[in-house]
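Protein chains: 2
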Amino acid sequence: MNIYPSKLLESAVTELSRLPGIGRKTALRLALHLLRRDLTEVEAFGNAVIKLRKEIRYCNECHNISDTEVCSICASAKRDRSTVCVVETIRDVMAIENTGQMSGVYHVLGGIISPMEGIGPEELTIESLVNRVAEGTVKEVVLALPTTIEGDTTNFYLYRRLKDFPLKITTIARGVSIGDELEFTDEVTLGRSILNRTLYEVMFAKKS
Amino acid sequence: MNIYPSKLLESAVTELSRLPGIGRKTALRLALHLLRRDLTEVEAFGNAVIKLRKEIRYCNECHNISDTEVCSICASAKRDRSTVCVVETIRDVMAIENTGQMSGVYHVLGGIISPMEGIGPEELTIESLVNRVAEGTVKEVVLALPTTIEGDTTNFYLYRRLKDFPLKITTIARGVSIGDELEFTDEVTLGRSILNRTLYEVMFAKKS
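Residue numbers (my numbering), protein chains in the order written: chain A, 565 to 772; chain B, 565 to 772.
Bear in mind the hints are in silico, worked out from the structure with no lab data behind them.
Hints may contain errors.
Since the list gives no way to pick out one identical chain from another, each pair is judged satisfied if it fits inside one copy or across any two copies.
[Stated by the list, open to error] The calculated DSSO-like cross-link candidates involving lysine-lysine, where the alpha carbons are at most 27 Å apart (straight line), are:
#1 Lys615 <-> Lys571
#2 Lys642 <-> Lys571
#3 Lys703 <-> Lys727
#4 Lys571 <-> Lys732
#5 Lys618 <-> Lys727
#6 Lys615 <-> Lys732
#7 Lys703 <-> Lys642
#8 Lys703 <-> Lys589
#9 Lys618 <-> Lys732
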């Protein structure tokens, strides 16, 4: 049964409900909200989204989203180009940038190896990473992938592809989150935190 | 600190986060989702929203959203034009239509009287309702407004404006929701359900 009083409304609701996590009820609420806004505002909204998809570019070097051929991080003279931090997505770049702890550059894989979802190494920017490393300036590759089975699989695959180059391959530390109680930490994480225990002076120095 | 790797992305995130209930984190997730979709799909999305705002019309009679001068409900020969159901918003029309219990037509007020939010009778389509009633074909006005203080205030105002016309003014029944336990029903609602108790045969006839 068609309960929409207008085809225009129905079509806007259908489009909005294609967004992840937005059902038809929420989509209707958003559409009616947009109807109350000024036309210029709604045009700005629609055009910003179309423009994003139409004009977006990806950095030639690290595959991060960029407005230019080479992204602002790769182009920055302040960045240590001998350290490459490998991440799954653009959001991970933003999350790590937010910490201010990575002085190197990035490499966005565009996903992780997942046989379940049919994602193999060739779907990712792994060849491009190997080529970057083969150029010889990279001294350390920091694997900052999710701490899941797929993440571990990808870490292992990358390790095998990169291990014969003269460089250090590291992964982000796994351990107890800041502010967590030990008794509520899962045993695998707690076990890892014991296994990879860090010298007090090193931990202290890194903190400051 | 600007953590967005692209102005295009930042501007799309800003626009998406203006939608109600969508923060910057969700907006980023939506923007990155749109980046993975085909350009034609994203254009369809953006244009549907702009078109909705640009071309939407409201029914001359009931003020419901419409693609034409008179909406499909008001234009329908199957509808009983002597019964007018007064609602706050377009969503209420859709909700009541969904029940299939209203054979009359609607009148969308566009809000309810709320001194707290500075909404007075003149902001609403009340004059238009009075004019409709003055034409003489309306025999019953069903007030289907929210069961809140503002709803009651608006009901009372409408009652005063309409009481001298030769018609029946009714309000939707208030009572215990279908499936609710009496012991968990608030006392005002429970009290109303006793006060407005309905003949068993009438209730039974209405149900089937």
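Unsatisfied constraints (hint numbers, rising): 4, 5, 6, 8, 9
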